[in-house]
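Participant: With the hints as constraints, model all of the structure from the sequences given.
Listed below are the residues making up each chain.
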Amino acid sequence: MRFETLRERLLRAGVAPRHVKRYLLELQDHYEDALRAELARGTAPPEAREAALARLGTEETLARGMLERRELRSRASRFPALYFGAVPVVAWLATPLVIVAALSLLPEESRRMKPDAAFIDALLALGFVYTRLLPVLLGAVALHMAAARRSRALWPLIGAGAVDVLAGTLTIYSFPGQLGITSWLLPWLLPFTNTLGPRDVTALGEGLLRAALLLGLSALAHQLTRRLGSADRSTLTAG
Amino acid sequence: MTASKTNPAFMTGVPEILILRLLTDREMYGYELVQAIEAATEEAIKLGEGVVYPVLHALEASGCLRSRRKPVNGRTRVYYTVTAAGKKRLATVSRDWARITRAVSQVLEGASHAV
Numbered sequence: 001m002r003f004e005t006l007r008e009r010l011l012r013a014g015v016a017p018r019h020v021k022r023y024l025l026e027l028q029d030h031y032e033d034a035l036r037a038e039l040a041r042g043t044a045p046p047e048a049r050e051a052a053l054a055r056l057g058t059e060e061t062l063a064r065g066m067l068e069r070r071e072l073r074s075r076a077s078r079f080p081a082l083y084f085g086a087v088p089v090v091a092w093l094a095t096p097l098v099i100v101a102a103l104s105l106l107p108e109e110s111r112r113m114k115p116d117a118a119f120i121d122a123l124l125a126l127g128f129v130y131t132r133l134l135p136v137l138l139g140a141v142a143l144h145m146a147a148a149r150r151s152r153a154l155w156p157l158i159g160a161g162a163v164d165v166l167a168g169t170l171t172i173y174s175f176p177g178q179l180g181i182t183s184w185l186l187p188w189l190l191p192f193t194n195t196l197g198p199r200d201v202t203a204l205g206e207g208l209l210r211a212a213l214l215l216g217l218s219a220l221a222h223q224l225t226r227r228l229g230s231a232d233r234s235t236l237t238a239g
Numbered sequence: 001m002t003a004s005k006t007n008p009a010f011m012t013g014v015p016e017i018l019i020l021r022l023l024t025d026r027e028m029y030g031y032e033l034v035q036a037i038e039a040a041t042e043e044a045i046k047l048g049e050g051v052v053y054p055v056l057h058a059l060e061a062s063g064c065l066r067s068r069r070k071p072v073n074g075r076t077r078v079y080y081t082v083t084a085a086g087k088k089r090l091a092t093v094s095r096d097w098a099r100i101t102r103a104v105s106q107v108l109e110g111a112s113h114a115v
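Line order of the protein sequences matches chains Y and W.
According to the numbering used here, numbering within the first sequence proceeds without interruption in unit steps and concludes at 239.
According to the numbering used here, numbering within the second sequence proceeds without interruption in unit steps and concludes at 115.
Do not rely on the hints blindly, as some may be mistaken.
[Said to hold, decoys possible] Cβ-to-Cβ under 10 Å is the rule here; a few derived chain Y residues that face chain W: (1) His19; (2) Leu25; (3) Glu26; (4) Glu32; (5) Gly57; (6) Leu62; (7) Arg69; (8) Ile120; (9) Arg227.
[Claimed, not checked] BS3-like mimics (lysine-lysine), calculated; alpha carbons at most 30 Å apart, straight line: (10) Lys21(Y) to Lys46(W); (11) Lys21(Y) to Lys87(W); (12) Lys88(W) to Lys46(W); (13) Lys87(W) to Lys46(W); (14) Lys88(W) to Lys70(W); (15) Lys70(W) to Lys46(W); (16) Lys70(W) to Lys87(W); (17) Lys70(W) to Lys21(Y).
[Claimed, not checked] Here are the simulated distance ranges between beta carbons: (18) Arg75(W) to Gln223(Y): 25 to 35 Å; (19) Glu27(W) to Ala13(Y): 38 to 48 Å; (20) Ala13(Y) to Asp96(W): 27 to 37 Å; (21) Glu59(Y) to Ala44(W): 21 to 31 Å; (22) Lys21(Y) to Arg21(W): 20 to 30 Å; (23) Arg95(W) to Phe79(Y): 31 to 41 Å.
Worth flagging that the hints you see were computed from the coordinates, not collected in a lab.
All of these numbers come straight from a predicted model, not from anything done at the bench.
Where a beta carbon is used, it is the ideal one built from N, C-alpha and C, also for glycine.
Facilitator: Next comes the structure, spelled out in structure tokens:
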């Protein structure tokens, strides 16, 4: 890629990835048009390439043009703690509220029906997705978005880690006709009350181990998508 | 190449006016727009050609332009067109531009009379 150093410079300075991507595509296209025009004028290929690049401007000019415009900066790069630290936690906490709100839209008769075993199983599966899959996905997305903006991994790791601790220390279980949920973390956070259940060190330890595993899976998923992305880019460059 | 470019000290805001005005007539992609600027100004204004893109992106971000990707001869080009907000902005900046050039001309004429 001809403008690779420009891309890195712009991303590191916080320009939104979509603007960087389009800018480089447009510059590449512009260069090809200018090169064609120079060749049509009868300029020899090496000089034509040089002239086409000179017409675009120096890398310094090209970078400055984008950096001077603050409206092209990514909000996530300006507020990484908010976007990569807080948003994953809020999104994870808000998901059940959205599901409950969606269920409340069902007709009243279906809401009054006694839940059968299949319904309980479906809720159990949904609970598994919520506590074991969604945290991995949120973590991977936060890490991916931070990497795309060349932001440090600290905030996405904090955000994803918080979600993983909350989710990993939750246990969802079913018994005939009902569904139960236990947090092994909350009793430790609110030590002045016993209403939230027992303070079980072993269960908390298992939950924290699960949280570490979830975080590891997020990092793994992020690395895999990164490798696939760079493989795609190399194929395009080679093509 | 750089030597033939227009003095950058006079160029603040000029690409924006030219871009908005030229895109009012028809949609264009970046290279086409640079050629149009040179043709319309009889090469009095020559830009580092890459600088039009940040201006285009910023105008789009402020709602003055709209872009669309269009496949042309096996390539996908980004075409820009002026929105209603862009037309309003052009009217405002054109008025400002006319006021300033008038004022500068008056000063220059005054100075030449004084000499």
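Participant: Holds or violated: are the alpha carbons of Lys70(W) and Lys21(Y) at most 30 Å from each other?
Facilitator: Holds. Lys70(W) to Lys21(Y) sits at ~17 Å (cutoff 30 Å).
Participant: Does the Cβ-Cβ separation between Arg75(W) and Gln223(Y) fall within 25 to 35 Å?
Facilitator: Because 33 Å falls inside the window, the suggested range holds.
Participant: Regarding the hint that Glu26(Y) lies at the interface with chain W, is the smallest CB-CB distance below 10 Å?
Facilitator: Nearest chain W Cβ about 5 Å off; hint holds.
Participant: Against chain W, run the beta carbon of His19(Y) and see if the smallest gap drops under 10 Å.
Facilitator: holds, 5 Å
Participant: Can you tell me whether the CB distance of Glu59(Y) to Ala44(W) sits inside 21 to 31 Å?
Facilitator: At 27 Å between Cβs, range holds.
Participant: Given the hint of 31 to 41 Å, check if Arg95(W) and Phe79(Y) actually sit that far apart at their C-beta atoms.
Facilitator: holds, 37 Å
Participant: For the pair supplied as a hint, Lys88(W) and Lys46(W), is the alpha-carbon distance within the 30 Å limit?
Facilitator: holds, 26 Å
Participant: When the nearest CB of chain W is found for Glu32(Y), is that gap smaller than 10 Å?
Facilitator: holds, 8 Å
Participant: Under 10 Å is the threshold here; is the Cβ of Arg69(Y) close enough to any Cβ of chain W for the hint to stand?
Facilitator: Holds, about 5 Å.
Participant: Given the hinted pair Lys21(Y) and Lys87(W), is their Cα-Cα distance within 30 Å?
Facilitator: At roughly 27 Å apart (the allowed maximum being 30 Å), Lys87(W) and Lys21(Y) satisfy the hint.
Participant: Per the hint of 27 to 37 Å, is the separation of the Cβ atoms of Ala13(Y) and Asp96(W) within bounds?
Facilitator: holds, 30 Å
Participant: Report holds or violated for the interface hint on Leu25(Y), using the least CB-CB distance to chain W and a cut-off of 10 Å.
Facilitator: holds, 8 Å
The structure fails to meet hints 8, 9 and 19 from the earlier list, while all remaining hints are met.
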